[in-house]
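Listed below are the residues making up each chain.
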Amino acid sequence: MITFQVQTTRKEEFIDITARVADAVVKENVKSGLCCVYIPHTTAAVTINENADPAVQKDILAGLQHLKLESLHYAHMEGNSPAHIKSSIIGCWAIVIVEKGRLQLGTWQGIYFCEFDGPRTRTGIVQCVGT
Amino acid sequence: MITFQVQTTRKEEFIDITARVADAVVKENVKSGLCCVYIPHTTAAVTINENADPAVQKDILAGLQHLKLESLHYAHMEGNSPAHIKSSIIGCWAIVIVEKGRLQLGTWQGIYFCEFDGPRTRTGIVQCVGT
Amino acid sequence: MITFQVQTTRKEEFIDITARVADAVVKENVKSGLCCVYIPHTTAAVTINENADPAVQKDILAGLQHLKLESLHYAHMEGNSPAHIKSSIIGCWAIVIVEKGRLQLGTWQGIYFCEFDGPRTRTGIVQCVGT
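Residue numbers (our numbering), protein chains in the order written: chain H, 1142 to 1272; chain L, 1142 to 1272; chain Y, 1142 to 1272.
If we strip away everything but chain H, and leave its shape as in the complex, we get:
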């Protein structure tokens, strides 16, 4: 199990963690199996999406804002319920297949830490299983 830190600088932000996950796969020394990226937070998430045009990451955040979750009256008093909801919609774990010791990401895929209630210092965890 490999733990890493992510420093976010905005309220909502995607941060590319592909290289950190790929490094963890090398350290875990699994050749064929599964790699799990886990985010131990309730107002953040992890997703896999386009790595070529950074506009896509902004568009995904804009698409989630378009749901207008901020306009609701919530029971939770900390004011960050939309961030909790987005965390459950996107999910706080991702799985990528590992083969020949490498992440089997598609050509246009990168792994992104999703901040929904920053800025904060966040943690990511990588665990590989297999042979």
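Keep in mind that the hints are not guaranteed to be accurate.
Given that identical chains are not distinguished, each listed pair holds provided it fits within a single copy or across any two copies.
[As the list claims (entries may be wrong)] Each computed DSS-like pair below joins lysine-lysine, with the alpha-carbon atoms no more than 27 Å apart:
id, residue 1, residue 2
1, 1199, 1209
2, 1241, 1199
3, 1152, 1199
4, 1241, 1168
5, 1209, 1152
6, 1241, 1172
Quick caveat, the hints were computed from the structure, so don't treat them as lab data.
Given the structure of chain H, go ahead and fit chains L and Y onto it with the hints provided.
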């Protein structure tokens, strides 16, 4: 593989299954690996979110209701299409990392069975892989 | 690791890949563990939902269209940002438990490739871990 039952009592509801999953990890006797929580239903799901303030669970249900999926005209005649859609948005499986024989949940994280078409008697399945 | 092709014929479409995943589990020869279905694309996804009434698959697509993601002005110039957002909402990986060499799907569950920007020739990857 460990199977457990969940009795839901409302149309929509989150039920904390963290303790049941933690017990299953002990029984599966995996020290380092991954734990999968799987829900074999199409109008329910599983998510990981805040365990401190129960208001958050209600707010996530309210956030999904805010999408107004109930207002559509659907092709499926059973009347529970919004529950099927919510199941696919949240997802019917969750993964948590296991290390030193314990679920590596964050401090504020709990595992929740999500009922979207209750009340019903539901099933959850836990499978651990690793060493 | 088993790779397969999916030919989509519409802009948005669900294609049942349950039989292909079940075949891959037999070939991978895992009796007890986890099966990962991974989609190496950024405008497609994979979900598990009802296999009995095909209307449910259309209703899930209709529910996502109801979010009106197409009405936003996006930064990404290819015009397919709604497809990227739907990919992150549904997710490009799924996990199913394997026991006695078989996928532990619920009675009404099937595995669906989700096309959000077709028609295209797509790829799916299956990897099993366990014993």
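Right, here's what the structure says about each hint:
In this assembly of identical chains, residue 1199 and residue 1209 lie within 27 Å of each other by CA distance both inside one copy and across copies; the values are 16 Å within and 17 Å between. In the homo-oligomer, the alpha carbons of residue 1241 and residue 1199 never lie at most 27 Å apart, since the shortest distance is 33 Å inside one protomer and 38 Å across protomers. When the C-alpha separation of residue 1152 and residue 1199 is checked against a cutoff of 27 Å, the pair qualifies both within a copy, at 13 Å, and between copies, at 23 Å. Both within a single protomer and between protomers do residue 1241 and residue 1168 lie at most 27 Å apart by alpha-carbon distance, with minima of 14 Å and 18 Å respectively.
In this homomeric assembly, residue 1209 and residue 1152 come within 27 Å of each other (Cα to Cα) both inside a single copy, at 16 Å, and across copies, at 24 Å. Taking the closest pair of Cα atoms, residue 1241 and residue 1172 come within 27 Å of each other both inside a single copy (5 Å) and across two copies (22 Å).
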